[in-house]
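Asker: Given chain X, work out where chain R should sit, using these hints.
Chain residues, written in single-letter form:
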Amino acid sequence: MARSDGEDPRRFLDPKVIARISQLDLRARQIVEGFLAGMHKSPVYGQSVEFVQHREYMPGDDLRRIDWKVWQRSDKFVIKQYEAETNLRSYVVVDASESMLYGVEKHKRAGSLHKYDYVATAAACLAYLTVKQQDSCGLLTFDSDVREAIPPRSSQRHMDAVTKALQVSKPRAKTDILKIMRQVAESMPGRGLVLIFSDLLCDREPLFKGLEMLRHRRHDVMVFHILDDDELLFPFSGMTKFEGMEELPDLLCDPRALRDGYLEELELYLTEVRRGCTRMGVDYTLLRTSDYMDAVLSKFLYQRMATRANPARR
Amino acid sequence: MEAFLNPTTALIGAALVSLPIIIHLINRIRFRRVRWAAMEFLLKAQKKMRRKKILEQLILLLLRMLLVALAGVLFARFIGCGDGSGKETRPTTHVVVLDDTPSMADVGKREDGAPTTAFAEAKRLIYEKLAPAVGEATTPQTMLIVRQSDPDQQFPARTKLADGKEVPRSAEEVRDEARVVGRTVANVEEYLKPLQLSPARKPLAGALLRAKALFEAAPATDARVIHVVSDVRAADWAADGPAIQNLLADLKENNVTVHFIDVCTPARKPDRKSPPFNDNVGIVEVRPRNRVVTVNQKTELDVRVKNFGTTSVRDLGISFYLNGQGNVITSANVPDLPANQERTITVEVRFPEITNPDERQKLGPLARFRLLTVALSNPEPGGLQADNARHVAIEVRDALKVLVVDGRTVEGGVDLRTTARGDSGFVRSLLNTPKGIDELGKIQIVNGEAAQLATTDLRPYSVVYLMNVPALGEAAVKNLEAFVAGGGGVAAFLGPNVKSTDYNQLMHRGGTGFFPVPLANEFSKELTAEQKLTRTLAFNPRLMLRDPANRAHPALAGIYTDNRGREAKDVERFFLIPNIDHYWPVPRRGAWRDDRSVQELYCLQNDAPIGAFEGRATDLVGEIKKRYTEAKFEKARKFLDPMLESVRRTPAETKPLSELARLLDDLLCDQVSLGDEREPVLRDFWQQPELADLRAKAAELRDATKYGDPLYVVKQFGRGRVAVMTTDAGGQHGDKIWTDWPSLGGAGWSVVVAEMHKYLAGGGDDVNRSVGDKYAAEFDFAKYTPEVALTLLTADASKPNAERRLTWEARPLGKIAMDKATKAADAKPDDPEPPYKLSFDKAGVPGAYVFALTRRKGAGPAAGGPDALGDTEFVSVPFNTDSLIEGDLRRANTDDVAALTNKAPLHNTEDLKWIDDLKQKPTDLSSRRWLYLLLLLVLIAEQAWAVRISYHTKPEDLEALAPSAAAVFAHGTAPRPAEAEEAAPATAG
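From first to last, the protein sequence lines stand for chains X and R. Numbering follows the numbering used here, with no gaps: position 13 of the first sequence is 13. Numbering follows the numbering used here, with no gaps: position 509 of the second sequence is 823.
Please note: incorrect hints may appear among the correct ones.
[To be verified] DSS-like mimics (lysine-lysine), calculated; alpha carbons at most 25 Å apart, straight line:
#, chain 1, residue 1, chain 2, residue 2
1, R, K1217, R, K587
2, R, K362, X, K241
3, X, K241, R, K367
4, R, K358, X, K241
5, R, K358, X, K209
[As the list claims (entries may be wrong)] Stretch by stretch, here's where chain X covers chain R in the computed footprint (C-beta under 8 Å, at least three residues):
#, stretch
6, 337–344
7, 348–357
8, 362–375
Just so you know, the hints here were simulated from the structure itself, not pulled from any lab data. For each residue, glycine too, the CB sits at the ideal point set by N, CA and C.
This is chain X alone, in the form it adopts within the complex:
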């Protein structure tokens, strides 16, 4: 992997975006397991201030947890249960396959972000936010294989490693999402938050299998589906030879003639992905490279925060 010298890895930490989202929290939508006491709910009832419920005493229970005030009133032994709080262990999974590199030159000329830069920036910002709220955040970039893997940490210094990892992970080769998901699932011992940034230009079956696997491990999975404007609008005209990335064949055609069919196929694909994610309880967000990232992330974070107040979403 060639390191791209002369480019600051920290450029992924866009101050404007950071400033916009720093007031927000990245909340896991479900209960997480962590080794530190944090801001997230733990599946373990422990010593905490957050009363949850009473339960009838059962032999073997710690006598210290008996609510004597209830015994005094009702002559029954009930135990007080408190909700334990833990920190969030999250994984940012970034697709670094070749397809993510679409329109590099065009975006460079326009001064805009291409897909990889966009997701790298978004990933870095969310990682920063995570670390800032005392949660631990790991990073994994992949194409056909894992390119960079940084285990979750919650220290500030950890961000440097994350941004560097994003920097070095120049997109290449083909996406193998199932393999990566399995690896992520296996590398996360407890329940955590998995943020997947990808254009998902891969086969749907392994994608859904991978997501299924993560969900099976009770991870809170969020998919950020990034597509270029060109991929959404297909604005090409004139005879064009489309050279397939990721080992796909080339096609010489009049793009105007195929636009309707392309858009129909795109719609089918997007619908299928969205349906699949929705079915598995995966948060799905479709991004386009021309979207304002701060606005998108803010919106996303607001939505996440709102889920906490909504028990039905648990």
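Answerer: Here is chain R on its own, set in the frame of chain X:
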């Protein structure tokens, strides 16, 4: 490339047709490269839409190619493909046949209401439309104009004047002048404008024949077009249709395109097959009873007028002008002339002596001719003027010579020719009576002898009487035959001296001679006293009309017509008295019966015994009774039964045969008028088709019983006439007479013989000649010099002055030469020279053409004293407008013309689009609106199709095709699928 006026542009256009394909191919070569991630969708789209897109693109490509092709066709000026029929691009020879016959004077109105004639329209069409259109053609064009009245005279002329002489021009010279350029068009106009209608009618076939010859002389590579500019009259096509049809077929075989242009007004419409036409009345014939008369002799003139129109004409006045002077002969009037009918009126005319010495001197020898012009006094408005007048010339002599040849001249020292006992006594008396002079003219009787007939110059005589002439020598017969054939008349009265064998052998010659009938070997036997008594008691007509229709025969018409021109009644009552005891029987049946030139006018009654017909009468009655049993004949049976019974019974009785003939006449009801209730029933009975054979049988029996041997037979021989009485003229033979008919005075003999004389003297050229027809005659080589002086006597009947006088003239037309026929190769040296042949067909003006033949010295009359006719002999021949055909202005039915012309196009003067084809220029598609319309439609279709299948960035389009993608752009939420919404709660938490 012949299909395009601009072949270069066509080539460029053809190349440009491939432009869309080339652009398509270039586009395929010149593509840009895009590294693309979402190939999956693209490949799927391409797979799914491939066929549809290929088809769409193909349609677009074809539309664009069609667009370019249409533009190419437009700019290259496509004129059609195939053999170029209708869009001729070869050099072309045009022959215009201009109908200039009299009917083209038919008056009509132009579109602007101005009066015009068909001929004026025809000329205008040629020099204003046809010639300029031909002149605009892109290829060399040649145009020749042929006049129908005189096909030999063409434009450009075939001769030219060189040193004051007319010399023929070479074919190249004629073609050069006929080549149509601007100058030629002016020449055509110059030629046509002063052109006048010809009074001659010539069939179209002649002009077509001439056109065919012109086409044959044209270069073989030329296209050939014939334009027949005519009034397309029904009469023309009825007369010449088959000939025209054959010639047109011939022309078609020679690849000649034929156009008929009807120039009559109102224009011929496609929806009216028989176009309207103008009414017209014309004099179709003027026939004098005698062509040679004496001064103040009463003669008659038959004038036939015809109404060709569709409405009847009343009080049609007819005026007569003698040498241009009116009021000499009383005008006549036709009170009513129904549509499409003709009337013949007979007027009595006399020709007075020319009293004006100046006129006599001016005319010289021609003063003997009187030009009689007959004209309509009140001609119909519109219609033709040319047929409103007709001319005829009558020769007026001081006296008419009659040659009387007696069989017996001197008998017992007495010149029988001076007595009534002679063979010609009664005839001579008749011709010299004052009444005879009035009716027959002043007649100079010349005694002739049979022996000298061979050498006698018979031309001065109007009639030759052969009175009981025993026989004639071969030369005499030949001389007589020539005389009769030339228009003379011969009367033969047969007495006992006649040698029937000689008559049959020399004069009848089995029907080829001038004598009309063969004679029996012996004359009839004398009747017994008993038979004579029976004949007297029967009180039947002794002679009778052989055919009731004979009443109208020229030799009898005067007898059966009263002074007012009506039918005279009871004429035959005179025939009850005369007795004809002897006659020369004529075989009842024979070839002469079938000879149409021979007519039996009177016959004797049948003297056969009645018993001889008993069997035939019984058979007839039996057969009728067998056939009349049908119910429908019930009424007829009531009348037939007593009549049939009489017919059956009468032959068995001792009644004269005439009684049986009368009964059969009554039975047949076809010659007598019964005047009672039986008549309609019987006529209806005999008119039944199934009884036709029975009726013929009955009529045959009736004729056999009724009519005896022929008494009075006439024959038309050549231009002359022959009359034969099978009995003599009342001469006395010993103590017997053959007939007492002439001597009875009041028995009608003089009337019959006077009419016979008029009939015989009225022979001559009876042909109703039209201007342009050919007159042909032969003249004896030994008697005439070959040069013939020609004089035209004519008058302009259209402009009588206040004194009712016409402008008339005797116009010398110079001399023509008679043709001398060469002797036959096997002729002997001493054989006579063949006769001169006079042929004349150049009559260009209606009138009487007088041919003056000069006799050779010593060829005068051999006997008979000085010749009253001098050294010059005249023949007058009238030529008039062909009123019968030209006066009939009915226009031919369009379908009939199409059938006869094999559907050759028949144009009118209003729709002249076809003339544009002659220009050859504007025949390309750029002159057609539909090409532009098609171009526009293809353009719109191409644009619409291109827009339909091309990329367009309308937001709603994205919304429709990919709502999920559209939602991202709208920062909205993509619509959730129903099933996803259902699945979400299940998997959540």
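Asker: Now tell me if each hint is right for this structure.
Answerer: Against the structure, the hints come out as follows:
{"no.": "1", "hint": "R:K1217 x R:K587", "in the structure": "14 Å, holds"}
{"no.": "2", "hint": "R:K362 x X:K241", "in the structure": "18 Å, holds"}
{"no.": "3", "hint": "X:K241 x R:K367", "in the structure": "17 Å, holds"}
{"no.": "4", "hint": "R:K358 x X:K241", "in the structure": "16 Å, holds"}
{"no.": "5", "hint": "R:K358 x X:K209", "in the structure": "23 Å, holds"}
{"no.": "6", "hint": "337–344", "in the structure": "holds (count 3)"}
{"no.": "7", "hint": "348–357", "in the structure": "holds (count 10)"}
{"no.": "8", "hint": "362–375", "in the structure": "holds (count 5)"}
The structure shown violates none of the earlier numbered hints.
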